[in-house]
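With the hints as your guide, set chains A and P onto chain U.
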Amino acid sequence: MERFIAIFTSGLTQGSVYALIALGIVLLQNATGVINFAQGDLMTLGAYVGFWFVVQHHGGQILMYGVVIVVLFCAGVLLERIGYAPLRKREPLTIVISTFALGLAIRSALIVWQGSDPLNLPSPFGNKTVTIFGAEIPRQAILTIGVTIVVGIALYLLFQRSSIGRQVRALAADRETAILQGIRVNRLSPLIFGLSATLAGIAGVLVAPVVAVSPALGFGLLLSAFAAVILGGERLGGVAFAAVFIALFQALATAYVSPKFSDAYPFLVIVLVLAVRPQGLVRVATGVRF
Amino acid sequence: MSVSDTHSAAPPLEARPSPLRRVIPPPAYQRRQWLFLAIVLIAGSLVPSVYGGTPYRDGLLAEIMINAVLALGFYWCFSLAGQFTFGVFAMYAAGAYISVWGAKHFGGFWSGLLLAAVGTALIGGLTRLIFAKLSPIYFAIATMAIGGLMLILFREWVSFTGGYNGIGDIAIPSVFGDQLATVHQRYYLMLGVLGLFLVLTICLLRSPVMRELTMSRDKGPVAASAGLKPRHLQLVAFTVGSAMQGVAGSLYAHNSGYFSLESFSIDISLSVLLMVLLGGMGSMYGPVIGAAVIIYLPEQLRGAQKYSELIYAGLVLLIVVAFPGGIADARRIVGKWLSRARSK
Amino acid sequence: MLEASDITVRFGGVTAVDGVSLTVADHEIVGLIGPNGSGKSTFINAITGLVRAEGSLKINGESIRLGHQGQVARKGVLRTFQTPQVHDALTCLENVLIGLPQRNLRTLPAACFRRRAMMKVERWRWEGAYEALRFAGLGGAQDMLAGALTYGARRRLELARAYFGKPQLLLLDEPAAGLNQRETQGLVELLIKWRDAGGPALLLVEHKIDFLESLCHRMIVLELGKQIASGEPAQVWAEPKVIDAYLGSLVTDA
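Residue numbers (the working numbering), protein chains in the order written: chain U, 1 to 290; chain A, 1 to 344; chain P, 1 to 254.
Just chain U, with the same shape it has in the complex (with noise of 0.2 Å):
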């Protein structure tokens, strides 16, 4: 039973870890339209940081989290100014191409920065762990359950309350109409890209004390995300639960089935859903199948 809580606990956590960096994407997505195929590599910016603040400028561990979070913001807002304004015209692959080699100036500005070999980031609780039902469960587990909790309630609110969060809902739901009816997209854009870099980064710093920071930390991870992504139907609440519902899937059948094939059911979930249901992710704007 222990064994159970605890991977389910594990499955619970990587799940946290999916849906901050799909809900990313997927707030990016819906603003803009644009699939930010950097949105692992920020993540992996996001733990580097952490690292140079903590182990490397001897900084406090909350502080580190307002400086990932402001160092992550305007990295989405350059990221926004070098790989998406000047491309706003040209076709959606386009911008998807230049993310991509974006996220890939990221992991090599961080090798050179920091060189290529797996650094640690220390959790702030150490090692200690909490029980719950007789299993050990690390308390950095609980902090990024709960982390991921925090900022999935802010989103929401955010996105039903606030301005920001309407102008980007209508931008979702017709886009030419809501820029007709006055949304300025070129304000909105940095805004949401520096957001949703601050979500990668948030994920980077919680996932970094339990695995290696290495350069190639968030591009392995941004799978994942995609097929939560898709199979939550790029919808906020969708998105979350299937980050969870994939982590927790993956959890238990590593656990009780194989442990050989566990990196491979994202990219099951991802050709699964891809082939069966496409015409759910490709916007039906008038019934023309174009």
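Hint data in this document are derived by calculation from the structure and do not stem from the laboratory.
Note that the structure is a prediction, hence the values are computed from the model and not measured.
Do not take every clue at face value.
[Claimed, not checked] Chain P side only, calculated, beta carbon under 8 Å to chain A, not exhaustive:
(1) 21
(2) 50
(3) 98
(4) 108
[Unchecked claim] Here are the simulated SDA-like cross-link-like pairs (lysine to any residue), alpha carbons at most 20 Å apart as the crow flies:
(5) 120(P) to 31(A)
(6) 75(P) to 109(P)
(7) 260(U) to 320(A)
(8) 89(U) to 135(A)
(9) 120(P) to 28(A)
(10) 120(P) to 340(A)
(11) 133(A) to 91(U)
(12) 260(U) to 159(A)
(13) 219(A) to 28(P)
(14) 120(P) to 34(A)
(15) 229(A) to 28(P)
(16) 219(A) to 145(P)
(17) 260(U) to 34(A)
(18) 219(A) to 91(U)
(19) 219(A) to 82(P)
(20) 120(P) to 160(A)
(21) 229(A) to 68(P)
(22) 219(A) to 109(P)
(23) 133(A) to 277(U)
(24) 260(U) to 166(A)
(25) 89(U) to 318(A)
(26) 229(A) to 66(P)
(27) 89(U) to 184(U)
(28) 260(U) to 203(A)
(29) 133(A) to 68(P)
(30) 219(A) to 93(U)
(31) 260(U) to 261(A)
(32) 120(P) to 29(A)
(33) 260(U) to 150(A)
(34) 133(A) to 184(U)
Built from N, CA and C at the ideal position, the CB exists for glycine as well.
Relative to the frame of chain U, chains A and P by itself:
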């Protein structure tokens, strides 16, 4: 001429009705493409004498050839069929493994090569068929996922691939009984394969298929309403492109005495994308130019090893934002500058 | 030549076309009119398979399944679009060449292994395409990129492509949209020339009334997806239902 057609499509069997001279052929047929290809291939066969000689340099040339074939395959998938695929690295790996296996069980390099081409063609064609209805971005994500799954499969299917321990004892290619024991000799084999694929590409470009493919890619429903079969055309082009990628993998495998799973990662897809972007997406020589530049240049910037990926990324961005046509487009851009300068 | 029965198209909760049936005989010119939103273009999209539709379709007596893009093209039914759909990066000649539905010697294997035969047929096609361009008044523009053409010229290019395809029935979706008086007149003359030379049946979706009156043998009126009138032009215009549909009920609440 055994042309099966309906009444209105049959060319008249009597004497030519009116002088042809008035009708100039479409641009695709006007350029002297065969001649240019011959020049390129002759130049290619002279390069080793000029530059080669040391095992290191020969290896570099071979690497350029292999990547040129790989990039050409991507060109068929992306520029011709219009489908961006991240799965290039997986086709490359599949081609390598299938070829080694085939050579071992069916008699030699050529069986392996053929099997690799057929195998990757099947995989690519299936992928395109299953995900035909997706928008380009989601299709790309699907290919990424399929590629990832394939690598995981290769990782676990140790009896077929040797996993991380790698695979050795690879058949050495031989032509008409002579073993191509040195890299230098195998270079010519690769040049021949590349030449063959370039011929295939020209055959496509100088045919109605090219304009139909262009229309299918960019205005699918309009093409369909005119009686074309856009999905079918794109499938054919995508399948051929996938087969080329598999052949590249086969050439890689039989050129190295040993390789393992570590040789294959998604970075390959990124390099190939960079090659095609840099060389020029719109020209069939773009992939070849790009491959030569991408493989050759880092060797010259030896000291900047750490920065190589950063430079790659910067290049991709620069090209995407500022020079979508790549190097092959340089002729046109230079021509524009010149004519503007002349008119001042 | 064409018999469409009970065509219905639904988008979500909206029924754009509701049980419309019509027939077009060989060489007949039929106008399909109605106020905005009456489902005229949607009807054409339904027949050519661009939208999902229910109902049945018969071409020359042969039953055709609805919903497959381009299926009707191979049976001799071609169409034009509301905005001229030509490929900007191809030359005018190439754009027209696309229009031939018959597929002999146009496959990749043929391009590789039967080049001589393929080139022979190609040259024959080039001539036909050039004739089509001349018919549409674009004879000198064969090497121009379609992207460089004016709007009116692009319309005529699309028409040339349709002409090259030698259809039995041509569906024209607002062919005069965006054309000025002179260009519209030119288009009418072109269609009359085609009609007099034994051209295809035409189904015209249009708003411009004088355009239709000079061409159509028969008119059908749609409103909110349903057919409300049909017959000769003069007769149709006189019907109160039709006047109502276009002008609204000005007179009824007296």
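Quick rundown of the hints versus the structure:
no. : hint             : result
1   : 21               : 22 Å, violated
2   : 50               : 6 Å, holds
3   : 98               : 5 Å, holds
4   : 108              : 6 Å, holds
5   : 120(P) to 31(A)  : 18 Å, holds
6   : 75(P) to 109(P)  : 25 Å, violated
7   : 260(U) to 320(A) : 39 Å, violated
8   : 89(U) to 135(A)  : 18 Å, holds
9   : 120(P) to 28(A)  : 16 Å, holds
10  : 120(P) to 340(A) : 40 Å, violated
11  : 133(A) to 91(U)  : 18 Å, holds
12  : 260(U) to 159(A) : 15 Å, holds
13  : 219(A) to 28(P)  : 30 Å, violated
14  : 120(P) to 34(A)  : 19 Å, holds
15  : 229(A) to 28(P)  : 29 Å, violated
16  : 219(A) to 145(P) : 16 Å, holds
17  : 260(U) to 34(A)  : 51 Å, violated
18  : 219(A) to 91(U)  : 14 Å, holds
19  : 219(A) to 82(P)  : 14 Å, holds
20  : 120(P) to 160(A) : 49 Å, violated
21  : 229(A) to 68(P)  : 11 Å, holds
22  : 219(A) to 109(P) : 24 Å, violated
23  : 133(A) to 277(U) : 10 Å, holds
24  : 260(U) to 166(A) : 18 Å, holds
25  : 89(U) to 318(A)  : 16 Å, holds
26  : 229(A) to 66(P)  : 16 Å, holds
27  : 89(U) to 184(U)  : 16 Å, holds
28  : 260(U) to 203(A) : 46 Å, violated
29  : 133(A) to 68(P)  : 14 Å, holds
30  : 219(A) to 93(U)  : 16 Å, holds
31  : 260(U) to 261(A) : 16 Å, holds
32  : 120(P) to 29(A)  : 13 Å, holds
33  : 260(U) to 150(A) : 14 Å, holds
34  : 133(A) to 184(U) : 33 Å, violated
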